[in-house]
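K.L.:
Okay, here's what each chain looks like letter by letter:
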Amino acid sequence: MQKIGKQTIKFDTPPSILECSSIVGPKESDGPLSKYFDQTLEDEFWGEKSWEKAESKIIRENVANLILKSGVSSNDIDFVIAGDLLNQCISSSFGLRDSNIPYLGVFGACSTFVESLSIGAVMVEGFAKNVICATSSHFCSAEKQFRFPLELGNQRPPTSQWTVTGSGAAMISKNGYGPFITHITPGKIVDMAIKDANNMGAAMAPAFCDTLLTHLKDTGRNPSYYDAIISGDLGYIGKDIAIDIIKANGYNIKSNYNDCGVLIFDKQKQDTHSGGSGCACCASVFSGYFFKQLKSKNLKRILLIATGALMNSTSSQQGESIPGIAHAISIEI
Amino acid sequence: MDINWANVFDWMQLLKCFAVGGAICVIGQILIDKTKLTPARILVTFVTIGAVLGGLGLYKYVVDFAGAGATVPLTGFGYNLAKGSIEGVQQSGLIGAFTGGIKAAAGGIAAAVFFGYIASLISKPKMKKQ
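Chains as they are written, first to last, in my numbering: chain B, 10 to 342; chain G, 7 to 136.
These are computed hints drawn from the structure, not numbers from a lab.
Every clue listed holds true.
With a Cα cut of at most 30 Å, we get these calculated BS3-like pairs of lysine-lysine: (1) G:134 - B:204; (2) G:109 - G:66; (3) B:153 - G:130; (4) G:40 - B:276; (5) G:132 - B:278; (6) G:42 - B:256; (7) B:204 - G:132; (8) G:135 - B:153; (9) B:278 - G:135; (10) B:226 - B:309; (11) G:135 - B:58; (12) B:306 - B:12.
For reference, chain B alone in the conformation it holds in the complex (with noise of 0.2 Å):
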């Protein structure tokens, strides 16, 4: 493991992603995506009497059905690295309190997946044997949390995203036969004083090309060196600023760029406005599809760049603008 350039790390034995595992929503299962997801929810409580011990179910259920897929042991899991939208990771918490495996919990909004998997990859090139990553989020919890609450039918402006509910888990690990995580960049902090907590694609979109073009400078790569760039949760609005910041830099990533947001949701008829958005955005799109894709060499090497808008509802009401952040994961075959 070694530092290159001014914040991209360089794995020497790179991790395995050994194994994904992902669970969705009602909506996200009537979308394009929903036949490559393990588990479908009909509906948004399933069976629980909260969205909030819904989401915790969710991840919970989640990193269950990753062990038990991954053959590996409980005993053989060395931590899992886990995080959510709500105020103090409660999801995840709750969801894993009885799970018996050293816990960290961790807050990069949107960004949290791939935060988790470059503190897992570190982990497992240093000195662990398999390490969990997962993340989840709630469409109605997280509603009620930043925006209004729900009973109150507040209609959304065009900007806005839909939070994706669902949860994405992924087992790294020393063993394992790819695909391997070669390099992680990890994102400053971008602020472009962005104030409208309905329109987070604006807000983020600076930050991920911030971190796409470091990384890009860091490894000498081109764009076109990767199979697909893909953004977390940017949206139909994130996305076309993005392309033009970065062509402005010099870079067409036009034909191999898409974004978790704008892939899960059907525009014409789920109407999600600016689409998706969400922890388990990034989380259940890559653990659902893009693993697929690379484990059966469909595309060799994806750059997962996960964004987040690190703000709370308390700062919103305030005034403050939003800062984001996008981490970046190279993902090799």
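Use these hints to put chain G onto chain B, whose structure you have.
P.N.:
Quick look at chain G alone, frame taken from chain B:
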């Protein structure tokens, strides 16, 4: 028995009511779509505008013209508060400025609490469709 629908309703009054009530809603929709105002701020702005126009005696003309088209939207609630306060002052002096508004709006407030409670007992919140 034949009902002469033309005479059952005052169609002209209905049209005025619809036009004014609808226009107020259109303003709200434009504010949601074209500005960064949150729905909560739009709500408070509408009530405040209604109260100010009511206090200045201007909203009365809108109510006379459009009836429920002006009293049912949020601005009507603000108008009601202002009207109640003015009446309160006329009846019981300065203290009426504080009691009159709430008295006038008491029916709406109590009904909101009551029906809100009933609804919470018999229904469960759900995911939005869009």
